[in-house]
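**Q** Add chain B to chain A, keeping to what the hints say.
Read top to bottom, the protein sequences are chains A and B. With my numbering as the guide, the letters of the first sequence map in order to residues 25 to 541. With my numbering as the guide, the letters of the second sequence map in order to residues 2 to 122.
Check each hint, because a few of them may be wrong.
Among chain A residues calculated to face chain B with C-beta under 7 Å, some are [to be verified]:
1. Val171
2. Leu178
3. Phe232
4. Ile360
These are calculated hints, taken from the structure and not from any lab test. Treat the numbers as computed from the prediction; the structure is a model and nothing was measured. Where is the CB? At the ideal position from N, CA and C, for every residue including glycine.
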Amino acid sequence: MNGANASDTFRQEAAELLQSLEQDLLDLAEDPSRKDLLDSAFRGLHTIKGSGAMFGFTAIADFVHAFETAFDHVRKGRASMSAALANVALRAKDHIAQLLTESGTDPEQGSAILTALDEIVERGTADDTASAERWHVRFRLSADAVVNGANPGLLLDEIRAIGPCVVSIDARDVPSFGTGALEDLALVWIVELTCPDPSEAIEDVFLFLRDEMELEITPINAHTEQVRAIGNLPVSQEPPLRRSGEDAVPAIRVAAGRLDELMDRVGELVIVQSRLTELALTLRDPALSAVAEEFDRLTSGLRDTTMSIRMVPIGSIFSRFRRLVHDLSQDLGKDIRLELAGEETELDKTVVERLADPLIHLIRNSCDHGLGSVEQRQSVGKDPAGHIRLEAAYRGTEVSITISDDGRGLDVARLRERGLAAGLIVADQQLTDEEVMHLIFAPGFSTAAQVTSLSGRGVGMDVVKRTIESMRGQVTVASQPGKGTQITLHLPLTLAIIDAMLVRVARQDNATPCWRC
Amino acid sequence: MKTILTIDDSASIRQMVAMTLSGAGFRVLQAADGAEGLRVATSSSVDAVLTDLNMPIMNGIEFTRAFRSHPAGRGVPVVLLTTESDDAMKSEAKAAGATGWIVKPFQQDQLLRIVNKVAGA
Numbered sequence: 025m026n027g028a029n030a031s032d033t034f035r036q037e038a039a040e041l042l043q044s045l046e047q048d049l050l051d052l053a054e055d056p057s058r059k060d061l062l063d064s065a066f067r068g069l070h071t072i073k074g075s076g077a078m079f080g081f082t083a084i085a086d087f088v089h090a091f092e093t094a095f096d097h098v099r100k101g102r103a104s105m106s107a108a109l110a111n112v113a114l115r116a117k118d119h120i121a122q123l124l125t126e127s128g129t130d131p132e133q134g135s136a137i138l139t140a141l142d143e144i145v146e147r148g149t150a151d152d153t154a155s156a157e158r159w160h161v162r163f164r165l166s167a168d169a170v171v172n173g174a175n176p177g178l179l180l181d182e183i184r185a186i187g188p189c190v191v192s193i194d195a196r197d198v199p200s201f202g203t204g205a206l207e208d209l210a211l212v213w214i215v216e217l218t219c220p221d222p223s224e225a226i227e228d229v230f231l232f233l234r235d236e237m238e239l240e241i242t243p244i245n246a247h248t249e250q251v252r253a254i255g256n257l258p259v260s261q262e263p264p265l266r267r268s269g270e271d272a273v274p275a276i277r278v279a280a281g282r283l284d285e286l287m288d289r290v291g292e293l294v295i296v297q298s299r300l301t302e303l304a305l306t307l308r309d310p311a312l313s314a315v316a317e318e319f320d321r322l323t324s325g326l327r328d329t330t331m332s333i334r335m336v337p338i339g340s341i342f343s344r345f346r347r348l349v350h351d352l353s354q355d356l357g358k359d360i361r362l363e364l365a366g367e368e369t370e371l372d373k374t375v376v377e378r379l380a381d382p383l384i385h386l387i388r389n390s391c392d393h394g395l396g397s398v399e400q401r402q403s404v405g406k407d408p409a410g411h412i413r414l415e416a417a418y419r420g421t422e423v424s425i426t427i428s429d430d431g432r433g434l435d436v437a438r439l440r441e442r443g444l445a446a447g448l449i450v451a452d453q454q455l456t457d458e459e460v461m462h463l464i465f466a467p468g469f470s471t472a473a474q475v476t477s478l479s480g481r482g483v484g485m486d487v488v489k490r491t492i493e494s495m496r497g498q499v500t501v502a503s504q505p506g507k508g509t510q511i512t513l514h515l516p517l518t519l520a521i522i523d524a525m526l527v528r529v530a531r532q533d534n535a536t537p538c539w540r541c
Numbered sequence: 002m003k004t005i006l007t008i009d010d011s012a013s014i015r016q017m018v019a020m021t022l023s024g025a026g027f028r029v030l031q032a033a034d035g036a037e038g039l040r041v042a043t044s045s046s047v048d049a050v051l052t053d054l055n056m057p058i059m060n061g062i063e064f065t066r067a068f069r070s071h072p073a074g075r076g077v078p079v080v081l082l083t084t085e086s087d088d089a090m091k092s093e094a095k096a097a098g099a100t101g102w103i104v105k106p107f108q109q110d111q112l113l114r115i116v117n118k119v120a121g122a
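The shape of chain B in the complex, shown without the other chains:
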């Protein structure tokens, strides 16, 4: 069973993501900000991370950069949830080491498709 970590300061988004993914057979871990996410991601083995972009304490880009520089974070897919689809954000995310992104608002099947794509079914 694949483990996915969802990081978002909005509890409702976390619940939505967790519900969608566990319904599809994934194990889901949750964190409310980048710093907490980093602790979870580096201490338990995860197969992919879905993180919000704008969060207090440590935002999605900072999380990605920190996670990538940690040995546990090399090669683990990180997908950013963002409301902006502009290229500046994408190139910044890419430079930080993000694997992909989902633009909000998104449908549940879109989310599932992307997670299957980066982490495998």
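With the rest of the complex left out, here is chain A:
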């Protein structure tokens, strides 16, 4: 492995860590009390810092270190988590992402973020724990830790090196003789440690064990002493949160370019295979026919497998919409909840990539206009918080993606008026409500006339429709006045290779795609 590869890997790894950091921060903004998320955010930062320094990304390592220090106060309970803090942290995350891309960043921007972070942390500093010098470290290793080479004696030695401590054990869970496997570990260790700040050092002690163990570090202050005096209250036994990806099937990472190359080659192979089949048919040689059939079978299998490799879960782009909605709800001063469903639905990589922009546009539309203002919602007795649902699902050979909001719905009469004014329809034209609603996708339907004011990034609804149609998809719209609007994108499962029927017309060969046959 050479240096260049290693730093590429680091970049990729860091980008993924930042992704999950963003999700954690968004969850924390909603529920600041989730300590498990805080821990996982912190672990992500720690990894980025460590590998960043190793691969020469010192700017990142320095920034993350400062970011981490501020966050550490929260983690140790010296400052409290809040939505405001999560927001600054999200900006910090963006800054790290920028640093990763190597295109020079404004160092002032970085220090501004850190100042804001420090300010919020300082403000939220709780006095009673700030001066804590004594800590309770309570840990329990996984049952097979000792069999797998962990040595509790050595671990305790490492903790003793941090500061003076008193070690006790809790043997309540140790099974009575003969009822449990002798090698299984069921002891809980409780260490009373005197030192300024043990969290980082303790994390280091449990470097390889952290994911499978229970660990609690709590400052010993007047409050906890009191609790202990009242009676030996059992310490919370909450199991550590497990990430859902834990049981993930082993996977290898492959550069997307190589996949495309593979697909191209399989494409060529499929063409050669068809030629061979043609030839066998023409020559009527039984031996050749047998080979051609076998080859046909193998090629189809190879083609199916290759196509399935290209399938990626749509959740990979859904996650970024959470951030989009979070930011939009701040910009627009609305409380917007985004609900995601069917993230595991798989689509061809190309389709998923090309879906991002249209979906961003549709979500912005819903947030800005669809939902209506807080006052307007309250005046009709709706929940002031707007709800947007993004759902993907399989429907036969296609995938449907629906964006629905609980806003005021499309105003059919107004749309008809605008359509007339724009010359898209004529006065006596008989149109169903659905046909009128489809006017929003017409190219001539100007943004001002369209029932939205947020222009997006130069992508209008007509571009959304064109993009979807260029992928052989369709867009449908449904709306109930006062209840909301649903826009559904119907997409084919894959674009890479399609079956075609060859037709010869006037000595010219034409290939007609078979997807609608």
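**A** Then chain B, alone, in the frame of chain A:
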């Protein structure tokens, strides 16, 4: 004196590991693949094993699994040397019974720190 077994198909890595560890007062045994490593590890008493992940004949994960199921291998720290730091590898290594891992490229002091950590000085 603690005995450490290093298993790696690359002679240069084995030499680097052996040099670092013997310099720090460890006795070092060497093996060039998992199968040879398993013979050494189960026939002579070792205090820890450092093994490469990708090797011919028997790879690091297979070695770890086999070593753990042998009476001599229960409780002996096994550290995997790997170029991948992804979680899938870690969970597979953990499931096989690995104690820890070092991600290549690593510095000599890192190696020493990890060996001291799992085997004691």
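**Q** Please flag the earlier hints that this structure goes against, numbers listed from lowest up.
**A** 4
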